[in-house]
Each structure stands twice: as C-alpha cells, then as structure tokens.
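A.B. asks: Dock chain B against the given chain A, drawing on the hints supplied.
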Amino acid sequence: MQLAIFTIFSIMCIAGAILVITLRSPVSSAIALVFVMCTIAGLFALIGGLFVAAIQVIVYAGAVMVLFLFVIMLLNIKDELIQRDEKKLTRILGGVLGAAFLLEIGFFVRKGLTSGSPGLFMPAPNEFSSIESISTSIFTKYLFAFEVTSILLLVAIVGAIMLARGKGRTET
Amino acid sequence: MATLDHYLILSAILFCIGIFGLLTRRNAIGVLMSIELMFNSANINFIAFSKFITPEALTGQIFAVFVITVAAAEAAVGLAIVVLMYRNFDIVNVDNINFMKW
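For the protein sequence lines, the chains are A and B, in the order given.
Taking numbering that gives the first Met the number 0, I'd label the letters of the first sequence as residues 0 to 171.
Taking numbering that gives the first Met the number 0, I'd label the letters of the second sequence as residues 0 to 101.
This is chain A alone, in the form it adopts within the complex (with noise of 0.2 Å):
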C-alpha cells in the first residue's frame, strides 16, 4: 500500500519535472514546477514528516512559487525573447552530464543494495513527525544555526530590494 502511493506520487513528481524543463511558457513551467512541490510534500508525509511536508506546500509551493509568478507577470516577456535553444550541443551535454550523474548515483545505491544497506522500514518513535520536539531541537542544540539563517533571510532581503528597485524613480 505505501509502495504504491510511493510509485504514484514519485511518477507524478518525475512527470512534472521533465514538464518544468520542457514546457516552453516560464508560467506554464511555474506551475508544473509547484505540481512537483505538491507531490515532494506528499512523499514526504509518506514517511511521516509532516512538519517538513507542510514547510513546503507553504513557503514553497505558495511563497516562493508565488514570487516566481510575479517576476513572470512583471517581465512580460515576449515571446521572441523565449528562444528555444537551437545549439544541439548543449542539449547533448546537457544529456550526457544529467546520465552520468544518474549512473553515478545510480551505481552507488545499487552497491548499498547489494551490500545490504540500512534501508528496510524502522518504526519511527512518535516524536519524529512532532512539531513540538523539532522545535525543541531547533531552538536548542541548532539555535546558532537557525540565528545564521535568520541573517542570510536579513541579507537577502536588502540584497533583493537594492538589486530590483528602479534606478530613476525612487532617486527623486
């Protein structure tokens, strides 16, 4: 039973990557691109993260898909601008690295197949999925790297708004 909502949602999340890179309108891709997120947070909740699950249909599939839409709305880029690439040199490359990835993880995991790894289901003790022991666990023993994040999203944010704001209009 969970194997197969697995495979289910594991084909869906594969169908709506290779949309994502082979859809040729960016808000097309966009929402393929949050169909994946959905599905990742399902595979998640699979396994019982569903802390994480949730993290990500929120900030990812609504914030940062959201922000994604805006700057496609606010280009409006035209159509002769989205060139699909004619160099088949690229798209070879591109072939040929993604596969010799794939066959470098691939070889691997198989090895950990065959060498018996640590990958058979173990019961997870209820406070793995808890929201109030990964907070505890946060705001603890990963405090300082938790502060560090809230920089980097201080950083990022002066960064955003100094690269993105008009250069004319907001001078006078």
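To be clear, the hints were calculated from the coordinates, so they are not data collected in a lab.
Where a beta carbon is used, it is the ideal one built from N, C-alpha and C, also for glycine.
It cannot be assumed that every hint is accurate.
To be verified - Okay, derived cross-link-like pairs now, EDC-like style, lysine to aspartate or glutamate, Cα gap no bigger than 16 Å in a straight line:
| id | chain 1 | residue 1 | chain 2 | residue 2 |
| --- | --- | --- | --- | --- |
| 1 | A | LYS140 | B | GLU55 |
| 2 | A | LYS110 | B | ASP4 |
| 3 | A | LYS87 | B | ASP94 |
Said to hold, decoys possible - Residues from chain B that face chain A, not an exhaustive set, calculated with beta carbons under 8 Å:
| id | residue |
| --- | --- |
| 4 | ILE16 |
| 5 | ILE46 |
| 6 | ILE61 |
| 7 | PHE65 |
C.D. replies: What follows is chain B alone, placed relative to chain A:
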C-alpha cells in the same frame, strides 16, 4: 514498502532532470526553476536519511527546513538579478549575459 533506496533513486532522477534543465534552459527563470528542482531532490535525501537511518535524531528534518530557507533566499536574490537584467538590458536569455567575458 517504500525503502530508502526508492527515495534515493527518486531523488537521483529528480536531480538529473534538474541538471539537464539547468544546462539546456536558456531562459533565466527556467534556470532558476531547475535549481529549485535540485534543491528539492536534496531535501528528499535529507528526509529519507532522517527517517530510515536516524529516526530518533530529527537532524535531517531540521536541515531540510534550513535548505528551504536558503532556497527562498536564493530565489529572491536570483529573481531580483533577473528583473535588473531585464530592466537594464532587456534580456532574459542567459546566453546573452556575457558582458564580463572579455
């Protein structure tokens, strides 16, 4: 029963799709979306290892949250750069952004 290997294979496939898209998309926004795909495959690895290897230590889940934060920051700054490029030079094609090449 879905095992760790299933999750690892899925994330490998997703990562390779992301790499392929990163190298073949010419639209800057498409490149950023491919990077998001790769972030997500890393997140799948984090959650799967957290669940199957150390289910009592929550480290993978917390780092997945951090990865999502970093991805949000990266998307914000990257999109700001795309907006700037479009506004100043009227291009979104990453092949044409080569002013610092020579």
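A.B. asks: Have a go at the ILE61 (chain B) hint: is there a Cβ in chain A nearer than 8 Å to its own Cβ?
C.D. replies: 6 Å, holds
A.B. asks: Is the hint on ILE16 (chain B) kept, meaning its closest Cβ partner in chain A is under 8 Å away?
C.D. replies: The hint holds - ILE16 (chain B) has a Cβ within 8 Å of chain A, the shortest such distance being about 5 Å.
A.B. asks: For a C-alpha distance cap of 16 Å, please report whether LYS87 (chain A) and ASP94 (chain B) respect it.
C.D. replies: 14 Å, holds
A.B. asks: For the pair supplied as a hint, LYS140 (chain A) and GLU55 (chain B), is the alpha-carbon distance within the 16 Å limit?
C.D. replies: At roughly 14 Å apart (the allowed maximum being 16 Å), GLU55 (chain B) and LYS140 (chain A) satisfy the hint.
A.B. asks: Any CB of chain A closer than 8 Å to the CB of ILE46 (chain B)?
C.D. replies: For ILE46 (chain B), the interface hint holds, since the closest Cβ of chain A sits about 5 Å away, which is under 8 Å.
A.B. asks: For a C-alpha distance cap of 16 Å, please report whether LYS110 (chain A) and ASP4 (chain B) respect it.
C.D. replies: Distance of about 11 Å is within 16 Å: holds.
A.B. asks: Would you settle whether the hint for PHE65 (chain B) is holds or violated, based on the nearest Cβ-Cβ distance to chain A being less than 8 Å?
C.D. replies: At 6 Å from the nearest chain A Cβ, PHE65 (chain B) passes the 8 Å test, so the hint holds.
Figure legend: structure checked against the earlier numbered hints; every hint is met.
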